[in-house]
Structures are given as structure tokens and as C-alpha cells.
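Trainee: So you can see what is in the structure, the chains are spelled out below.
Protein chains: 4
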Amino acid sequence: MIVIMKFHASSKQIADIISRIESDGYKAHLSEGEERTIIGVVGESPTPLKQENYETMDGVEKVVRVSVPYKLASRQFHPHDTLVPLNGSQMGGNKVLVIAGPCSVEGRNEIIEAACAVKEAGATALRGGAFKPRTSPYSFQGFGEKGLQWLVEAREVTGLPIVTEVMDPALVPMVCQYADVLQIGARNMQNFTLLNAAGESQHPVLLKRGMSSTVEDLLMAAEYILAHGNTRVMLCERGIRTFEKFTRNTFDINAIPVLKHLTHLPVIADPSHGVGLSEYVEPVALAAVAAGADGLIIEVHVNPAEAMSDGRQSLTPERFASMVRQVRLIAEAIGRTA
Amino acid sequence: MIVIMKFHASSKQIADIISRIESDGYKAHLSEGEERTIIGVVGESPTPLKQENYETMDGVEKVVRVSVPYKLASRQFHPHDTLVPLNGSQMGGNKVLVIAGPCSVEGRNEIIEAACAVKEAGATALRGGAFKPRTSPYSFQGFGEKGLQWLVEAREVTGLPIVTEVMDPALVPMVCQYADVLQIGARNMQNFTLLNAAGESQHPVLLKRGMSSTVEDLLMAAEYILAHGNTRVMLCERGIRTFEKFTRNTFDINAIPVLKHLTHLPVIADPSHGVGLSEYVEPVALAAVAAGADGLIIEVHVNPAEAMSDGRQSLTPERFASMVRQVRLIAEAIGRTA
Amino acid sequence: MIVIMKFHASSKQIADIISRIESDGYKAHLSEGEERTIIGVVGESPTPLKQENYETMDGVEKVVRVSVPYKLASRQFHPHDTLVPLNGSQMGGNKVLVIAGPCSVEGRNEIIEAACAVKEAGATALRGGAFKPRTSPYSFQGFGEKGLQWLVEAREVTGLPIVTEVMDPALVPMVCQYADVLQIGARNMQNFTLLNAAGESQHPVLLKRGMSSTVEDLLMAAEYILAHGNTRVMLCERGIRTFEKFTRNTFDINAIPVLKHLTHLPVIADPSHGVGLSEYVEPVALAAVAAGADGLIIEVHVNPAEAMSDGRQSLTPERFASMVRQVRLIAEAIGRTA
Amino acid sequence: MIVIMKFHASSKQIADIISRIESDGYKAHLSEGEERTIIGVVGESPTPLKQENYETMDGVEKVVRVSVPYKLASRQFHPHDTLVPLNGSQMGGNKVLVIAGPCSVEGRNEIIEAACAVKEAGATALRGGAFKPRTSPYSFQGFGEKGLQWLVEAREVTGLPIVTEVMDPALVPMVCQYADVLQIGARNMQNFTLLNAAGESQHPVLLKRGMSSTVEDLLMAAEYILAHGNTRVMLCERGIRTFEKFTRNTFDINAIPVLKHLTHLPVIADPSHGVGLSEYVEPVALAAVAAGADGLIIEVHVNPAEAMSDGRQSLTPERFASMVRQVRLIAEAIGRTA
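Protein chains in written order, with my numbering: chain A, 69 to 406; chain B, 69 to 406; chain C, 69 to 406; chain D, 69 to 406.
The set of hints was computed from the structure by calculation and includes no laboratory data. Any given hint could be a false lead.
Pairs involving identical chains hold if they fit within one copy or between any two copies, as the list cannot separate such chains.
Cut-off 20 Å, straight-line C-alpha distance, at most; resulting in silico cross-link-like pairs (SDA-like, lysine to any residue) [stated by the list, open to error]:
#, residue 1, residue 2
1, LYS80, GLY175
2, LYS130, VAL110
3, LYS130, ILE72
4, LYS80, CYS244
5, LYS130, MET69
6, LYS187, GLN217
7, LYS187, PRO385
8, LYS95, ALA295
9, LYS163, SER207
10, LYS187, VAL370
11, LYS139, ARG104
12, LYS139, ASP285
13, LYS74, HIS97
14, LYS130, HIS97
15, LYS95, ILE72
16, LYS187, GLU386
Only a predicted model underlies this, so the values are computations on that prediction, with no experimental measurement involved.
Looking at chain A on its own, in the form it has when it is part of the complex (with noise of 0.2 Å):
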């Protein structure tokens, strides 16, 4: 940590600062200009430095953090990447892993069918929400552990298994009594109760990003599961929300090769809630395995206009499939498969 006094600090404001550092269990090393100094607090102490508290002092112009506080997500003291076994493959290995299905769990013979198409067109798992959560209390909620049920009768037709969203935390148990990976929705991604309890679960978590949160903001929330020694974590970058809303979100495309470089999580890209608009799905989700995403998250309905959620952003199976061989394509020029 650095702290800038502000120009023409008084020598006892200098003084307190030093003195606070050394309380704190570090060293204060002095940069002096003719105009302002510069602390360096070095050394290590068990005292977590509080960046807030030296702001607030006076005589300081700014504090900047120099480490990252992200230790255990952090490519830093970890270099290697993480892998999520998933299917037969790996999350975060070469191959691009495509996960698919509709946006709800919509009924037993439903989830059936649309779990046989998207295996056939080449997805490695199932997506299908038996708990929704919806912008309105009058919208369609899920069917919850009935949804969760029918998911399992899907997996046993047709081997894929089962990626679905947890938002209770009181939940996780149970739902992890069927679910494969745990999904923890962009709305969810600072609910750290919920973040907690998937951390102590130890199940496979797929994380996305809230829709104002920055990468930073993404990688601590990873942390918190991380810190409970759950190390099977994938990271999702769904798009954020900005000015622009001829699209339902703005897709970051720069977080796919950032999160790649800061983190040895695997990275996966949902361009359905990214970009909202079935006709740019296909276009969104090659440029992000394009950009180095390890795998794709994709809504697929057999009859987007009767879905109960997210119709307007989902692919037919035929749409689907075209996509994944396209998507195959563009693996294999940098090197993949998919």
C-alpha cells in the first residue's frame, strides 16, 4: 500500500501516518519530493491494512493498493489453470465446453425433449432453471424441487448432467442432491450467504457476473467460495448493463482474455443473457471463443415463443446445432476443439 499525503502535508500528519503504519505491525519507508511525500508501507503483520481508514487521515491526498486482493483466485500464487471435470471432460482444458437448455425447467416431457436435442447437436451438460428469479413477483417462479426431479429424469435419458441455479442458501443441500454444478445467478453474485453456503457444499460452482460488477468485484466473489477450500469454481461473464439498450446487455468481451490472464479459474461465456436477442446469439458466442472463453452457456428451447422465460434470447435445436459446428470452426483456428 502507497499513501500520497497531499501537497505540503504538515510534518506531523507525516508523523501519524508512520506512527499508525508501525502500530499496524508494518514499516513506513519515506519517498520525500520537494512538494509531497510518498509512504511505502512494507513488510507483513497480521493486521489486515484498512486502505479506507489511512483515506480518512488527515494530510492524505490518496491510498493505493498495490496487491491484488484476490489471493487465492489470483493466477499469482497459482499459475497453473484450474480444470473442472465435467462429462468425461475438463472445464479450463482445451476443449470448448458448450452447456445448453432451455432458460425454465418447464415440465417433465419438456426438459426431456430439450435435454435429447441439445445432446444431440453436441452439448456436454444441461442448463434448466427449477428456481427462477424473476424482476416480477407475478412472473413464473419455477417448479422448484419437481423441476429439480425432472432435470434428474433428463440426465438419466440422456447422460448429461446438470447445471442449475441455487438462490437460497438454506437450498443448497438439497439442491445439491440433484444438481451437478451449482449456478449462482448474476443477481446472486454478491449474496454472500449464498456465496458461503456454496463454498461449504464443495460442489462444482458456476459464478456469473453481476450485471454493474466490475472483474475485480467477480473475482472476490469467487473468493469467498475459494476460501472454503471449494477450488471448482467457473466464472461466467453475461454481459453488464450500460447506456446501450437496443440490446438487452453489453457482452464484455475484453473480460474473456482478462479474466484468462488474472485467474486460473475457467471462464465461460453466456452471449444469451449477453447480448438477449436470439438473432446475434450465434455471432456473440464465436467471438467469445474467439476471445479464449473455455466454454459457452446457451438458452435452447424447442419453441422459444411458448417459452415461460427468456423466449426472445433462446435458440431453436436447429439453431443450435448450426451454431455448434460453427463454433467447432472457430476452435480449431486457435488451436481448440470443441
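Assemble chains B, C and D onto chain A, guided by the hints.
Mentor: Positioned in the frame of chain A, the structure of chains B, C and D alone reads:
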């Protein structure tokens, strides 16, 4: 709802829309221009209209919603201001009420001292967090139930009712035993499980706007609570996330009069989070009152440089007292009291 | 400037940085931690430091700027408020001044009628556009020089000085012959050719913040004008572009006290563009004054439903007069006049 | 256009709307629900419909525009791709073209060296700024006309056509004498005087999206140029300003397929500005091509650590050559060449 067909949509496409409207139990009202047909959906039906599904149908350019989706929160069907009792006054009434206290409950003596200070300066209620949502798992997470007990002691000493955050739906009943008002924080504004639990509790709720939530999203979140018959809901503007990083957030002053216009619920301003730097809290607080806020929630700490959280935006008791005096003058200038 | 080296940067990399600092004419001051070296750049030199180039060098983690880049606009070297004379008063003084008038000059009689109405209500100066920046090439683009002549007639009748926009650098001398204050609009805030022309003109300038410009960008744009020795610059907050679309822009109320703190230049608020809906202009105007704005600029039209532009956000003369009375009460509450 | 009346608007209010529609030369088509009346505006008239004025009238809830406002840029009336000739190829054709070179022209030898390097690597055209828009008045502003002369020398040596920025409308004719393509930068996207001058010049134009401009704003800016009969317009996505600050901008990958769908004009991607950090330029470039971009514009510098501007985002010639090879593989994967 209005369905706007594409330029030269086919008569088959138009017929399909009409047929769906009718099978949903509504009537279709056609307006045929030379180039384009527009279809109004009129009447009532138990089947809710799914805008997204219509958008997915062939030949549709766009679908425009006409009614507001927040029936209970809207002034349209409930024109009179809802008043929420607080310490003998009423949030939403003529008097501007001030809730104040530290970000976190940091100890028994600390919270009692803070409570006495803010009461002395004119606060109506005491804020203080026992459960803290923190970006980092390594930051102080609050004292939990012990913190709530200390808050109760502070209430016994000062008579100030307690406003405190709850993050875990499972803990709502426990927190209700101690708190006078449940606070739902910005990061949990769309934690629907928590909103439902708060609704069921029938306890007063202070609901903060999410940092990337629109005004409509906030009203829909309130709708979750109201749908349980719990009408004691106070909305709180606390700043949104924008490209401007000099301040912690961008306080959305427009939202104050907009919310007062759209809803009957009381509207509170949180300039502490809205600007994030203590030297600018007072001017933003005065602005919020001038714009019509019913109340303020302000972070106050006896020694900001030692605060366990949010020190950079906390006022000292002296500066808080000075702010309250100024708030009174502004309130009087617009015909209110404080 | 401070150069923060990467974790375990090599001594060669550190030496290269030092060598460059010295060849740029500065001194390097090393602070060597156990894991990381931090290099302060001290002293003065005619060679400006290029932060980006240092960031590009091997082994560099990041580079932190210490000084503000707006030397002329900053309070640091110019602590006293700059006052800009306007119609016998001074923008930046104790009195809150109100500039008002229609978005566009729509005709000779129309602008005279508008000028009389706003003068009657207490305006200090008249606004009105003769050159209009319009999103669409098919929209009304203003009456040009004829509009300026009508403005002069309105000034002759009312005595109100004229504030009017200039978009083309080549027209600055011509506009200066008619106008008392040159307005540079939000879309041209970084039109550096225009800023230079306005600086050279030595005419008073009202500079609006761009819709996606930070506070620092605004101060740097002012610096272009100030660098020509033209110190009569007034800054104007007019709302920024965010994800919230209920209002036309998001008025950044925080920017008012922040700008008053960072710069000695007067700060004006434009709530008409800041919220974009006439029913909310008054509360946002009051908020801006409560937060410390030195002046307001308000769109007023005799018949908003017939306005050639910006009708939706224009006040009628009656509502404007009512707003001015309320502004006076708020100004008095904070110890100013209006 | 559709006018949606308020819940229980009066018949007088409805009659006033109808009367205005008719006096504007259109026909009103009523759709009367039980609670609400909706009025479609049909027919044609020389009087343009002013949406804002209708919104201002009593009893109106909102007004919905139906047609797109960019008639010349829209695919609706011009379904075939516009091709812009460039160095024997065509921007907008099957081959993905790459424009490359330094941010600024830094000297005669430097630009010739850069031109040879990018030609060798496979670039189709040379970029380089002689007039530089800089946030600070104290930064290098470009070599002006001398820079243009050096560009011409570089063209003579390499045969690469020149793409260079023009900022001042008065200099458009002069810049046209040297440049093959006029670049209009992000900060000038709504500099309407400049757009008109570029339109009048009949010179090819590369128009960059403003950092807070919507896709529709960009198309409306293009409309200004097209309205002069100048159809050789290339649009460029270069990143938008969002809350995410790890990268310089957020490259809006969604905009690539959206623009290709809405307009017939070629779409170019600028990943250098879109991400702003050289290590991420290649993955974002590949993503843009995968998403359907017709071309790329890339900053390349022989020695980024010595660049006079934008060094942090410039590729070395070696990395650029490697990127071009990868671009070819991606282009082939989607059935194009590069």
C-alpha cells in the same frame, strides 16, 4: 400491450398474432396503416400477457407495454402517501426524518456512544450493521446476533428505534426480534428469497436501490414485499454505478422526485453511499431534501479514521449535528420540518 | 508519478526504469519491499512525464499519477473563486444567477416574448440557440445568424445579456459580435478546435460537461480555454448518460460540490437537460442550488407543446416564475441570495 | 407513431390529439380500451411528426416511434451491402481488411518504417494521426500538415492508402488533398459541422462511434454524411465508456452483428481503443472478426515504450504480424478471407 408488426408483415403473420391474443383471452384491435399494422391488446383475462413471447413471433417488430407492472407500489391505484411510523413520527409525512449511526456495530460501548451522539444531534432512528455484506471475505463481517443485542442496549439508553441490515432469509425472524426496521441492502435488492421473507415478516422494511437497478426495478422489488400484504416499505436511493469514479457512486437526484411521482411509498436518501466521501455528504443531503426526500440515512462515526468499515464516508458527530441544522433550514424553505 | 513494479521484477527492469527517469530529467527514489519495488519520480524537468510509456515498459505493474493535470483550473494554485461578470452581477459570487429562455430561437417575436417573460420572473440572462446540434439531419437546425440578430433585439428590449451556443470554430468571431457568453455544448466538450477558438476569443464561455465525460475531463476541457489566457469560464453540469432511461440523463448532483472543491471556476446546473421531463425540473433545480451551484440554466417556452425543440423539458413562464421564487428560498436557507 | 393516452384521459384531451394529428396532415386511428385509448398516426405528410411535442400535450402517457429515423443508413430501403473500395479490395466485401499504423505520425522516417512494417505483415491501409485530439492541452497535438506530407511519402514507398483523422471542418479540403480516407474520431462523432463538411467532400469516411453513443446515434451521425450524397461511409466500433475501469473502454462486441443487421454500411472494429492494453488486443480483434466485422483498425508502433501517444495499446510489428496470421484463420473459419 401493443404489438407493432414489421413493415409489410404478411397477413398470415398478423392472423397468428390475433389468434394468440384471443387464445390468451384478450381482444385484438387492429390499426392498419399503409405500410404497417399495429395491434392493440384490450380486455382482461386471467392469463398474463407475456411480452417476450409475442416479440419472438414472426413478423413482429416490437411490443410495447402500456401498463405499469408494479400495481401495488404504483400511485395509480393508491394515490395517497403511505406513512410508515417511526419513533412517534411518520416517514412520508411532512417532517423530514433522519436515520443515523455507524456503518457497523463495532462494540457495546461504541454503539451506545454513537447512539447518544446522533440522538443529541436530532436523529429519529439509529442505524448500525450487525451483519455486513463485504466485497472481500477477509474483511470484518459484523458481530452478528451479539451486535443486535448491543443495538437493543443502545435503544434502551436513547429510545431510538433500530434500523439494521439482514442478508440471510433464514435469519429474518431472529433479526425481527431485535430490530424496528429491516434494512435490505443494495446488493440484495433482487435477492427474491430475502424479499419474500421480509414481506412475510410484516416488519417495516427499508429497501435500498441496487447499484445498477432502474427505478422500475426498485419498484418491482418493493412489489415482492407488498405482495405479502406488508405495506410498511421505505425506498432508499443510494447512488448508482456509472463511469464517474471520482465519487464512490453517482447519487441519482432525479430518482427522488421521480419516485415520489410514481409511488405512494416514502423515499429516503443515503448520501453517505451516494457520494462516498465525507466532505461531500452534507451538500448531497441538502440536495436530496430540497428535491423532496422524506428522510435521510447518514453514516456517523465517533472516529472515522478508526472505523471498521466505511470510515471514508462517515461524518463525525459534530459535522452531523451541523448538517442536521442545515437540513432543517432547507426543509423549512420548502414548507416542511425536520 | 509513482511506478509500481511487478512482483519480483528483475533488477535489470528496475534499472531500465531508473535510467529512463533520469534521461527524462527527474530523480528516481526507490522503495524496496521484500516482494516489490516502488519507484517515486521526483524533481522537475522540461520533459513532461508520459505515464503511458512507463506503463509499457517491462516489469511495470502500474503507474500512479500524483499531481492533477489541470494546473490552471485547479484551486491548488488559484485558491480564490473566479467571478464572471454577468448583467451587473457576478457568476460565482454570493447571488445565485438564473439564465433562462427557449431551447431554440424560433422567431423574432417569439424570442422577444420569451425574453420579457423570463426577465419578469427574475432571470439574469437570456439563453436561446441559433445554431442547434441535432441528432438527426432532418431536424430543425436553427436560424443561424438571423437568430442571433433576433437575440440582440431581445437584449435591447429587456437588457438581458445573451448566452448562445457556437458549434463551428470558424463562426466564433461572428457569434462573439452578437453574444455576451459563448456556450459550448455537451457534444462539443472535447471539440478541441472549438475550445481553442473560444479561448482565443477572450469572450466569456459557458462550457457544458459531455454526457460521458468525467469531472476531470471537464476540467481538462476548461484548461484548453484557460491556456489562452481566457479566464472567464463557467462550468455546467447537465446530466450524464447512464443505464437509467426513465429520465433523459442522470443529473450528477455529486459533481456540484466536487467541482466547487476542485476548481475556482463558477459552477452552473442545467436541470432541464439533466432530467429532461418538465415536471421534475424544479426539484432538481432546487437540489442543485442546495448543493452549492452558483447558477442555473433553464429552458423556458411560452408554449412547450409547440416548441421546435426540447418541448418536453421546457417550463412555461408561470412554472418558471414559481421555480425562481422557490430557488430564492433555498438560496437564503444556505446563506446566499437569488 | 403511436400516442398512448393516460389511464382515463378525458375526451377533450383525446380530441386535442386527434386535431393536432390532422392539422399536421396525418390521420388518427383510435383504439379504445376500457381504461385507455391508443391513437395510431397513419398516412404521409410533408410536416415531420415531432414526438416530443405530442409527449408534452395533456393526457398523454407516452409516444412510441415506429419507423427508424435513419432512412439512408438503414437496410430497410437499401438491402444490399455497400462496398467501399480500398487499395484494390473492398471494405464490406468477403475479405476482412486490416488498417494499421501508429497512433500519431511522429516523424518522416518513423512513419515510413511503420508503413513498411505493417505492409509486410499484410495490412491493406496505413493509419496515422497528424491532428491529434488530446484530453490535455499540454500533450503532443500532432505535426499537422507536415505529418500529412510524411504520410504521403509513406504511401509512395508502400502503396498503402492513408486513413487519417480530421478534427476541424475548415481543414477538410486540405486533408482531402493528402488522405485517402477521412477519419472522424469518437469525440467528434456528433460534431455536426464536421460531419457536414465530410459529407460535402465526397471523400471516403471512417466514422468512429462516440464513447457514449448508442448504435442509433452512430447511424444518425452517418446519416448526416449520407445526406450529402456521400455513400462511402465505414462505421467503426471502438469501445464504449462503462463502469468497468480495468480496460480503457468496453468493446461492444454486440454492436458488430447488430450494425451488420441494421445497416448496409461496412463495419470496422478498433480493438486497440476498445480494450486499451496491448496484451488483449489480439483476442478482441479475433472476436470482432468472428462476430462479423468487415475490417480492423489496429495501432502498431515500432517501439511502444517511446510512442508519443497510445503506447500502452500499440502492438509491435512482430505481434501485429502474428495477429494478422491468426485473423486469417478465423476469417477462413467463417467462410471469409483476410
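Trainee: Against this structure, judge whether each hint is valid.
Mentor: Results for each hint:
1. In this assembly of identical chains, LYS80 and GLY175 lie within 20 Å of each other by CA distance neither inside one copy nor across copies; the values are 71 Å within and 30 Å between.
2. Taking the shortest Cα distances, LYS130 and VAL110 sit within 20 Å of each other both inside one copy (17 Å) and across copies (17 Å).
3. In this assembly of identical chains, LYS130 and ILE72 lie within 20 Å of each other by CA distance both inside one copy and across copies; the values are 5 Å within and 15 Å between.
4. Taking the shortest Cα distances, LYS80 and CYS244 never come within 20 Å of each other, neither inside one copy (58 Å) nor across copies (47 Å).
5. When the C-alpha separation of LYS130 and MET69 is checked against a cutoff of 20 Å, the pair qualifies both within a copy, at 11 Å, and between copies, at 13 Å.
6. Proximity of LYS187 and GLN217 under a CA criterion of 20 Å is satisfied intra-copy only: 19 Å inside one chain copy versus 55 Å between copies.
7. When the C-alpha separation of LYS187 and PRO385 is checked against a cutoff of 20 Å, the pair qualifies only within one copy, where the shortest distance is 10 Å, while the shortest distance between copies is 44 Å.
8. Taking the shortest alpha-carbon separations for LYS95 and ALA295, neither the intra-copy value of 28 Å nor the inter-copy value of 43 Å comes in at or below 20 Å.
9. In this assembly of identical chains, LYS163 and SER207 lie within 20 Å of each other by CA distance neither inside one copy nor across copies; the values are 37 Å within and 37 Å between.
10. For the identical chains of this complex, LYS187 and VAL370 are intra-copy neighbours only, at 13 Å inside a copy versus 49 Å across copies, given an alpha-carbon limit of 20 Å.
11. When the C-alpha separation of LYS139 and ARG104 is checked against a cutoff of 20 Å, the pair qualifies only between copies, where the shortest distance is 16 Å, while the shortest distance within a copy is 32 Å.
12. Proximity of LYS139 and ASP285 under a CA criterion of 20 Å is satisfied intra-copy only: 13 Å inside one chain copy versus 34 Å between copies.
13. Taking the closest pair of Cα atoms, LYS74 and HIS97 come within 20 Å of each other both inside a single copy (17 Å) and across two copies (18 Å).
14. In the homo-oligomer, the alpha carbons of LYS130 and HIS97 lie at most 20 Å apart both inside one protomer (16 Å) and across protomers (19 Å), since each shortest distance falls under that limit.
15. Taking the closest pair of Cα atoms, LYS95 and ILE72 come within 20 Å of each other both inside a single copy (16 Å) and across two copies (18 Å).
16. Taking CA atoms no more than 20 Å apart as the test, LYS187 paired with GLU386 passes inside one copy only; the shortest distance there is 12 Å, against 42 Å between copies.
Hints 1, 4, 8, 9 from the list above are not met by this structure, while the remaining hints are.
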